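Novice: These protein sequences, in sequence, are chains A and B.
So the first sequence is residues 1075 to 1122, counted in the working numbering.
So the second sequence is residues 463 to 792, counted in the working numbering.
Mixed in with the good hints there might be a few duds.
Stated by the list, open to error - To list a few chain B residues with every Cβ distance to chain A over 12 Å, as calculated:
| # | residue |
| --- | --- |
| 1 | H579 |
| 2 | R580 |
| 3 | R683 |
Said to hold, decoys possible - Simulated crosslink set (SDA-like; lysine to any residue; CA at most 25 Å straight-line):
| # | chain 1 | residue 1 | chain 2 | residue 2 |
| --- | --- | --- | --- | --- |
| 4 | B | K586 | A | E1107 |
| 5 | B | K790 | A | E1106 |
| 6 | B | K591 | A | G1097 |
| 7 | B | K526 | A | E1106 |
| 8 | B | K526 | B | A564 |
| 9 | B | K626 | B | I534 |
| 10 | B | K790 | A | E1107 |
| 11 | B | K526 | A | G1097 |
| 12 | B | K791 | A | D1088 |
| 13 | B | K591 | B | K500 |
| 14 | B | K791 | A | F1105 |
| 15 | B | K791 | A | R1090 |
It is worth saying that the hints were derived from the structure and are not from the lab.
Quantities reported herein were computed from a predicted structural model and do not represent experimental measurements.
Cβ coordinates follow ideal geometry from the N, Cα and C atoms, glycine included.
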Amino acid sequence: MSEDERVEEPGTMDHREITLADGRYMIFYTFEEPQAEDQKGENKADNV
Amino acid sequence: MSELRYNPLLGEWLATATHRQDRTFLPPADFCPLCPTKPGSFPTEVPEPDYDIVAFENRFPSLKREPEVPAIQADGIYNVEPSIGVCEVILYSPDHTTSLAAEPVEQIYKLVRVWRHRFQELEKHSFVKYVFIFENKGEAVGVTLHHPHGQIYAYPFVPPVVAKELQQSSDHQDETGRCLLCDILDKETSFEKRIVAANESFAAYIPFFARYPFEVHISPRRHIQAFTDFVPQEERDLAAILKQLLAAFDRLFNRPFPYIMSIHQRPTDGSHYDHYHFHIEFYPPMRTAEKLKYLAGSEAGAGMFINDTLPETKAGELKALIEPVEWKKK
């Protein structure tokens, strides 16, 4: 992929788990926007 | 009350889940249980004011991590087991009015990464032998909640459709030394007319043997078995081809296009399935803008589908509606 074609990365993925009142789990996924310097680096591994 | 009952005629398990009769059925948008809980508003199933993508255990599951004892005992050829497993819901967006087709490709890319993580997490359960990720879209396929979402069933066995594909793949490998789906992909690529969209990592096509008029399969060019085999470029390319296909689906009849999306991966029972090949299958029920394809006598009673159309024709119609994907530029 050329410099011009490079697209925005959604950034690293993280998650947070909560327990609902009836005992079920619920997982919130979040995606941090990449820092400017990261955008030229290689893909980061998902932080999960 | 739920339990697994064995069908000795077909050699298949089914689940009874009587509590699902009471599940929420097509509520008004103002009372959607899958929207975030806004301050001062009624409490939904998601107790936070916003989210990006959320996965959680289904409130009305067919399979449970801690299932109850079956209501009836096994008796000879009638086998019964607790309905152990996991049923999850994945919310694609906090926006009630959107759909996967309408979301930007960046959001679909996020979802692909969540699918991978859910597969990784669910396969850790010793009782989970197969992780099935799917989406039912539209009332035509039985959707009861319109909020954009998909589901995951983590089964305690390999379900019959995948089991049959595994057997066919294994037999083909034994007979030819090659992967069955790699051979299908080669056929479709060289024939070309049934290809709907393609990129560096994936091809989308209505296969030679399609049962539904717009039954599209998406297959990776690389011989891989599960999301856990994907490299980052393949995650992006899957998001891109999904965006192209789903948007083209909606353009077909200028309305949200109903479908069942079925993601087929290797089982998670600890065995090796090197002969198997990851792919996604779409079963859209529409055969025209006004007519549905029903599973009637031959399909439901005998298992032989009758497709009223030619895949070569329908692939051309769909391909004409494919548009380039636009990623946000840096």
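Novice: State for each hint whether it applies.
Specialist: How the hints compare with the structure:
no.: 1; hint: H579; verdict: violated (5 Å)
no.: 2; hint: R580; verdict: violated (8 Å)
no.: 3; hint: R683; verdict: holds (17 Å)
no.: 4; hint: B:K586 / A:E1107; verdict: violated (29 Å)
no.: 5; hint: B:K790 / A:E1106; verdict: holds (15 Å)
no.: 6; hint: B:K591 / A:G1097; verdict: holds (23 Å)
no.: 7; hint: B:K526 / A:E1106; verdict: violated (33 Å)
no.: 8; hint: B:K526 / B:A564; verdict: violated (32 Å)
no.: 9; hint: B:K626 / B:I534; verdict: violated (29 Å)
no.: 10; hint: B:K790 / A:E1107; verdict: holds (13 Å)
no.: 11; hint: B:K526 / A:G1097; verdict: holds (12 Å)
no.: 12; hint: B:K791 / A:D1088; verdict: holds (23 Å)
no.: 13; hint: B:K591 / B:K500; verdict: violated (38 Å)
no.: 14; hint: B:K791 / A:F1105; verdict: holds (17 Å)
no.: 15; hint: B:K791 / A:R1090; verdict: violated (29 Å)
This entry does not satisfy hints 1, 2, 4, 7, 8, 9, 13, 15, going by the numbered hints stated previously.
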